[in-house]
Amino acid sequence: MDKSMLAGLDGLPEEDKMRMATMIEQLQLRDSLRMYNSLVERCFNDCVDNFSRKSLQKQEESCVMRCAEKFLKHSMRVGMRFAELNQGAATSD
Amino acid sequence: MDKSMLAGLDGLPEEDKMRMATMIEQLQLRDSLRMYNSLVERCFNDCVDNFSRKSLQKQEESCVMRCAEKFLKHSMRVGMRFAELNQGAATSD
Amino acid sequence: MDKSMLAGLDGLPEEDKMRMATMIEQLQLRDSLRMYNSLVERCFNDCVDNFSRKSLQKQEESCVMRCAEKFLKHSMRVGMRFAELNQGAATSD
Amino acid sequence: MAANNSSLPPGVDKDQAFGMAETEMEYRVELFNRLAQTCFTKCVDKRYKEGELNMGENSCIDRCVSKYWQVNNLIGQMLSAGQRPM
Amino acid sequence: MAANNSSLPPGVDKDQAFGMAETEMEYRVELFNRLAQTCFTKCVDKRYKEGELNMGENSCIDRCVSKYWQVNNLIGQMLSAGQRPM
Amino acid sequence: MAANNSSLPPGVDKDQAFGMAETEMEYRVELFNRLAQTCFTKCVDKRYKEGELNMGENSCIDRCVSKYWQVNNLIGQMLSAGQRPM
Chain A
1406 MDKSMLAGLD GLPEEDKMRM ATMIEQLQLR DSLRMYNSLV ERCFNDCVDN
1456 FSRKSLQKQE ESCVMRCAEK FLKHSMRVGM RFAELNQGAA TSD
Chain B
1406 MDKSMLAGLD GLPEEDKMRM ATMIEQLQLR DSLRMYNSLV ERCFNDCVDN
1456 FSRKSLQKQE ESCVMRCAEK FLKHSMRVGM RFAELNQGAA TSD
Chain C
1406 MDKSMLAGLD GLPEEDKMRM ATMIEQLQLR DSLRMYNSLV ERCFNDCVDN
1456 FSRKSLQKQE ESCVMRCAEK FLKHSMRVGM RFAELNQGAA TSD
Chain D
2 MAANNSSLPP GVDKDQAFGM AETEMEYRVE LFNRLAQTCF TKCVDKRYKE
52 GELNMGENSC IDRCVSKYWQ VNNLIGQMLS AGQRPM
Chain E
2 MAANNSSLPP GVDKDQAFGM AETEMEYRVE LFNRLAQTCF TKCVDKRYKE
52 GELNMGENSC IDRCVSKYWQ VNNLIGQMLS AGQRPM
Chain F
2 MAANNSSLPP GVDKDQAFGM AETEMEYRVE LFNRLAQTCF TKCVDKRYKE
52 GELNMGENSC IDRCVSKYWQ VNNLIGQMLS AGQRPM
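In the order they appear, the protein sequences are chains A, B, C, D, E and F. Its first residue numbered 1406, the first sequence is counted upward by one per residue in my numbering. Its first residue numbered 1406, the second sequence is counted upward by one per residue in my numbering. Its first residue numbered 1406, the third sequence is counted upward by one per residue in my numbering. Its first residue numbered 2, the fourth sequence is counted upward by one per residue in my numbering. Its first residue numbered 2, the fifth sequence is counted upward by one per residue in my numbering. Its first residue numbered 2, the sixth sequence is counted upward by one per residue in my numbering.
Chain A on its own, in the form it takes in the complex (with noise of 0.2 Å):
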């Protein structure tokens, strides 16, 4: 929302930006794991629903491969997207 928020942190001695850094590597961090969390889930929702056996079957694993890659590619379009929009935002500011 407010932009500025960031940017009252530049001009910052260096210390700061480190800590700065290990924060966005934090978040990234608990970012990327979530998104396997939801990816699991919603890869397993779509794909499995036989609960007569243990095991997983050939049929759904294949559909669980080919969930995970059509979230992946799609996400990688979303974020290109997402950040000309930004971009776009950014220089009409």
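Simulated from the structure, these hints should not be mistaken for lab results. Where hints are given, some of them may not hold.
[As the list claims (entries may be wrong)] Label pairs and their in silico Cβ distance ranges:
1) C:T1427 x E:V30: 22 to 28 Å
2) D:V30 x B:S1457: 35 to 41 Å
3) E:D14 x B:S1457: 50 to 56 Å
4) E:N55 x A:Q1462: 24 to 30 Å
5) E:V30 x F:N55: 38 to 44 Å
6) E:D14 x D:K50: 44 to 50 Å
7) A:Q1433 x C:T1427: 22 to 28 Å
8) C:G1416 x A:D1451: 41 to 47 Å
9) B:K1422 x C:R1424: 21 to 27 Å
10) B:E1419 x E:K15: 15 to 21 Å
This one's a predicted model, so the numbers in the text were calculated from it and none came from an experiment. Using N, Cα and C, we set each Cβ at its ideal position, and we do this for glycine too.
Following the hints, put chains B, C, D, E and F in place on chain A, whose structure we already have.
Okay, now just chains B, C, D, E and F, sitting in the frame of chain A:
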């Protein structure tokens, strides 16, 4: 759940009250940004279903506006009722 | 994911183990409150659908109780199975 | 409720107390948010023909909040009664 | 945008500034995640017959991202216009 | 797995190590919660005629946990195989 959690902070020095106030402020900021995100997701989901064009159509736009308006009014009403129940629970302690 | 993250904290001084224990305790408290919230939401959603009255009806109440009971038993069972799989995964490392 | 609320219980240091207070507030915020989302879904017409809540929606919301609160208490009592099942 | 961006505004200490920056980044991450989940649900065929996105899905995704962004801006404007309703 | 697990890897300070450990634990908690919610939805009859899980539900739960675990591993392997796609 355990209302005494907060009570444990009464009678603490000024410095701690400040720290408490900062924490509450951060929680409120975080919460309002989350509310904003979930409001956008809900109104998008309920109002936008046609992807044959890139820009929002007039009727989608007005649906989104009414959805957001309704949600905000709803939140205020729920907040009032919630506060009443919280108070009732506190006095009947 | 990377099991060595935790291993990196072995052999640290007593003080750090205390800090670790506090952190785990906080996570458990936070998690159990979240579980409580999601249990309430689920049982409310599945059991309460009539809003012609203000107070919970007898059959809604018993539905909620059975729902919560089932969910807790379910969680215990899932917890046991999950622990077995975690152990299996650890020994096959 | 707490006998000595002017000082912290022994063995609980300040950071821990702040952590617990934060967790407690997060819990209340989450309770409110789930309640609000749930009652919106149950009571508000998704066609959004107008920006105002109508009378039917308003009374549905009031009853929904009341019932959600009762369910919250009911489950809370059940959980504290059966502390440590098994 | 900020007149003195080489120093912090008075009354805001460093920890607070870091906390705000963290909250702001969490907001952006959540916006992206909700957008991605929503557009996947709206645009991608759940039968997963293949691992590639087909042309129809790709153009649906592009438009979905664009429309989600517009809805985000629309609601953001509405909220900042009506700051503190009541 | 780690050669020197009695000391931290160079360049990682203590706060960072604690932060990583916390993130890792949050991940496991979230995995467990999503698994539990998903298998409850897939296996347990929503009419809640009784408070006990019946035999059919119990065996469904066991298989569901097992399959969820396998899907988790499958996707984990896929992600680590294709580290940094593009």
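The hints, checked one at a time:
1. For T1427 of chain C and V30 of chain E, the Cβ-Cβ distance of about 27 Å falls inside the hinted range of 22 to 28 Å, so the restraint holds.
2. For the pair V30 of chain D and S1457 of chain B, the supplied restraint of 35 to 41 Å holds, since their beta-carbon distance comes to about 39 Å.
3. Between D14 of chain E and S1457 of chain B, the C-beta spacing of about 51 Å keeps the proposed range 50 to 56 Å intact.
4. With their beta carbons about 25 Å apart, N55 of chain E and Q1462 of chain A fall inside the hinted range of 24 to 30 Å.
5. For V30 of chain E paired with N55 of chain F, a C-beta distance near 42 Å keeps the hint of 38 to 44 Å intact.
6. In this structure the hint that D14 of chain E and K50 of chain D lie 44 to 50 Å apart at CB holds, the actual value being about 49 Å.
7. Separated by about 25 Å at the C-beta atoms, Q1433 of chain A and T1427 of chain C satisfy the suggested range of 22 to 28 Å.
8. The supplied range of 41 to 47 Å is met by G1416 of chain C and D1451 of chain A, whose beta-carbon atoms lie about 44 Å from each other.
9. A hinted range of 21 to 27 Å for the beta carbons of K1422 of chain B and R1424 of chain C is consistent with their spacing of about 25 Å.
10. Between E1419 of chain B and K15 of chain E, the C-beta spacing of about 20 Å keeps the proposed range 15 to 21 Å intact.
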